[in-house]
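Model the full assembly from the supplied sequences, consistent with the hints where possible.
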Amino acid sequence: MLLNEEEKQPGQFPVERRVKTDTLCLHFSWPLFFMILQIFLFVIICGRSFSFLHPADSNGLRCGIDNSLFYPNLSDFSDHRYLTFQSKCSNECEGIKYFSFCIPTERKKLSKSPLSFRIINDTFEYRYFGLLMIIITFIFSFPIYFIFAKFSLYITYFLLFSVTGSVVFIVAKSLLNHFYLFAVEVLCFGISYLFVLLYIKRRIHVIGPIVTTSFKFLMKSKDIFLAPILILLFSLIIFSFIVFGVLFSNGVAQPIVSSSGLLSGSYLQLHQHFSLLITKLLFPFLGIWIIEFVFVLTRFAVSFITASLYFKHPKVSFIKALQIGLKYHAGTIFFGSFVVFLLEFLSTLFMAMKKWLKKTKNSFVRFLCRCILNLCFLLVKFVGEINRLSFVYTAVEGVSFWDGCKKASKSFQIDSVLSITLLLNNILFGARILIASIVAILTYKYIDGLGLMKPVIPVIVVPLLVYFTLSAIDLVIAASSQTLLVCMIEDARDDGSYAPFELQNIMNWMKERVGRVNFSI
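Here this note's numbering is used: the first residue of the sequence shown is 1, the next is one more, and so on.
FYI, nobody ran anything at the bench for these hints, they're computed from the structure.
Wrong hints could be hidden among the right ones.
Stated by the list, open to error - Listed below are the simulated DSS-like cross-link pairs for lysine-lysine, each with C-alpha atoms no more than 27 angstroms apart in a straight line:
#, residue 1, residue 2
1, K216, K320
2, K312, K410
3, K406, K381
4, K216, K511
5, K327, K406
6, K381, K201
7, K150, K220
8, K454, K112
9, K410, K201
10, K312, K327
11, K220, K327
12, K108, K97
13, K150, K312
14, K315, K222
15, K97, K109
16, K109, K454
17, K216, K312
18, K222, K88
19, K454, K97
20, K315, K327
21, K150, K216
22, K150, K454
23, K112, K222
24, K320, K220
25, K88, K454
26, K220, K312
27, K216, K315
28, K216, K201
29, K222, K320
30, K88, K108
31, K201, K222
32, K315, K150
33, K201, K511
What the hints assert, rightly or not - Simulated restraints, written as ranges between beta carbons of each label pair:
#, residue 1, residue 2, range
34, F169, D495, 51 to 59 angstroms
35, S347, L281, 14 to 22 angstroms
36, I119, Y154, 44 to 52 angstroms
Beta carbons are placed, not taken as given, at the ideal position from N, Cα and C, and that holds for glycine.
Here you go:
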């Protein structure tokens, strides 16, 4: 049922007219939430004795509990709560205490320790460096993005001249040294990259001012900078929910003493029912879905605030925008976040299938399957762009999920709108990759002298954490910029009177294209 809370007043834009498309979803979500919480508490209570809190020694006996409760002849380790590097339970720890693990500090003992001990010890060595990289990224990313947006045209020219000069130099050197094949490869790659840069240059006159203006809008509502912090905080909570849910689920099992173990030290094994596999998969499935829900809800709030500022309505706080999203569009956001999760899963599945196809010997079948997979991959990406822009329309006009998708698909029929949206997302993606790569190099330089047992892990983990932090920041920038683009499209259908001075040239450019598209749904 569609219920208009407010009728549209003369001179007002639909940003103030909220449509209750799915208010009941918020009320129905509470029983589901409590059911998930009950499952989580169940696995903690029932799986605690056989979880990481009570690790197993070399005979499978659990440290910190009385194992004779499970079988009369087993040892009582109630006072021996620490697992040593020799896989024995002890009541003392001469190393680093981490939960019930006793990590040795001597390198000789550490080299003989299990892999988990070495990874934990390495984590203590680089944890502050990783946290410092995340904080630096969070503080300086917004100013860096603003500078890049402000001088985007000059940066594009610099890249054009740099790539051209580099390609000419490398090709000339390769020809002089008779590396003809390498010269051809560099020339083909360089020409392709130059075409991409030239295409970006044609659209940068639109993207640059929109991103710059979005920063000015963000500065008018400074509490919007809480959005990345909210995402990171909830992501940490949800990640803990996933990890602890899976770990405690592994402990929900029936202890069995093997017959061979009774003859040689009482070996304790765990037997787990197959149905618990569903519980293990439930935690990552729900966790990723909830993370996407937080992302979509934050995108909605940023879009709502940006649209209110564009159409000169009273400023809305970030918390108030979140409340509006939950009150009126909980179902749209809940279902839309599932669509985002499903699209991401399909994209990952297609990438995995591409790797699997490399093993196929029939070249025709491999070529045909690759073509089908590429088409499916492009379709998934296109649907993802429509889905992403639909939430902007939900925030701006208060429409349902499906109407938002229809409006988003209509807006993509406007000349250059789809290319601008794709370029904006890919430029932000490229910035994330570039910064994460720089952090990977810095991490490698930092750990080079630490003598870690597994140095490859921090080189992967720290850049991934920085990349995720940048994703939370990019969401705010992309949502604000895309909302400005949508607001300009809607404004251009009228008279374009709300456009800021910095966007007047783009508004004139937009008016020429908007009139050719029928927006009726």
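Now the hints, each set against the structure:
Among the hinted pairs, K216 with K320 is consistent with the structure: their alpha-carbon atoms are about 20 angstroms apart, no more than 27 angstroms. Proposed proximity of K312 and K410 is supported: the alpha carbons are some 25 angstroms apart, at most 27 angstroms. Taken as a hint, the K406 and K381 pair is honoured in the structure, with Cα atoms around 16 angstroms apart against an allowance of 27 angstroms. With a C-alpha separation of about 23 angstroms, the suggested pair K216 and K511 falls inside the 27 angstroms cut-off, and the hint holds.
For a cut-off of 27 angstroms, the pair hint linking K327 to K406 stands: about 23 angstroms separates their Cα positions. With a CA separation close to 23 angstroms, the supplied pair K381 and K201 stays within the 27 angstroms bound. Distance check on the hinted pair: K150 and K220 sit about 18 angstroms apart at the alpha-carbon level, within 27 angstroms; holds. Between K454 and K112 the alpha-carbon distance is near 14 angstroms, which keeps this suggested pair within the 27 angstroms criterion.
Only pairs whose Cα atoms come within 27 angstroms are accepted, and K410 paired with K201 is accepted, the gap being roughly 25 angstroms. The straight-line distance between the Cα atoms of K312 and K327 is roughly 23 angstroms, inside the 27 angstroms bound, and the hint therefore holds. Under the criterion of a C-alpha separation no larger than 27 angstroms, the hint pairing K220 with K327 is consistent with the structure, at around 25 angstroms. Simply put, K108 and K97 have alpha-carbon atoms about 18 angstroms apart, close enough for the 27 angstroms limit, and the pair holds.
Distance restraint check for K150 and K312: the Cα-Cα separation of roughly 24 angstroms lies within the 27 angstroms cut-off, and the hinted pair is therefore satisfied. Under the criterion of a C-alpha separation no larger than 27 angstroms, the hint pairing K315 with K222 is consistent with the structure, at around 11 angstroms. At roughly 15 angstroms between alpha-carbon atoms, K97 and K109 fall within 27 angstroms of each other, so this suggested pair holds. Only pairs whose Cα atoms come within 27 angstroms are accepted, and K109 paired with K454 is accepted, the gap being roughly 15 angstroms.
For the hint pairing K216 with K312, the CA-to-CA distance comes to about 14 angstroms; that is within 27 angstroms, so the pair holds. Of the supplied pair hints, the one linking K222 and K88 is violated, its CA atoms being roughly 55 angstroms apart against a limit of 27 angstroms. Taking the CA atoms of K454 and K97, the gap is about 20 angstroms. The hint holds against a cut of 27 angstroms. Taken as a hint, the K315 and K327 pair is honoured in the structure, with Cα atoms around 19 angstroms apart against an allowance of 27 angstroms.
Taking the CA atoms of K150 and K216, the gap is near 12 angstroms; set against the 27 angstroms cutoff, the hint holds. A hinted pair counts as satisfied when its Cα atoms are at most 27 angstroms apart, and K150 with K454 does not qualify at roughly 42 angstroms. Only pairs whose Cα atoms come within 27 angstroms are accepted, and K112 paired with K222 is rejected, the gap being roughly 53 angstroms. Using a Cα cut-off of 27 angstroms, the hinted pair K320 and K220 holds, with the two alpha carbons roughly 16 angstroms apart.
Taking the CA atoms of K88 and K454, the gap is near 23 angstroms; set against the 27 angstroms cutoff, the hint holds. Between the alpha carbons of K220 and K312 the distance comes to roughly 12 angstroms, so the proposed pair stays at or under 27 angstroms and holds. A C-alpha spacing of about 14 angstroms is found between K216 and K315, which places the hinted pair at or below 27 angstroms, so the restraint holds. The hinted pair formed by K216 and K201 meets the criterion: a straight-line CA distance of about 23 angstroms does not exceed 27 angstroms.
This hinted pair checks out: K222 and K320 have alpha carbons roughly 14 angstroms apart, not beyond 27 angstroms. For a cut-off of 27 angstroms, the pair hint linking K88 to K108 stands: about 18 angstroms separates their Cα positions. Only pairs whose Cα atoms come within 27 angstroms are accepted, and K201 paired with K222 is rejected, the gap being roughly 31 angstroms. The suggested pairing of K315 with K150 holds, with an alpha-carbon distance near 25 angstroms, which does not exceed 27 angstroms.
Among the hinted pairs, K201 with K511 is consistent with the structure: their alpha-carbon atoms are about 21 angstroms apart, no more than 27 angstroms. Between F169 and D495 the beta carbons are some 52 angstroms apart, a value that agrees with the proposed interval 51 to 59 angstroms. Checked against the given bound of 14 to 22 angstroms, the beta carbons of S347 and L281, roughly 19 angstroms apart, stay inside it. For I119 paired with Y154, a C-beta distance near 45 angstroms keeps the hint of 44 to 52 angstroms intact.
When each numbered hint is compared with the structure, violations occur for hints 18, 22, 23 and 31.
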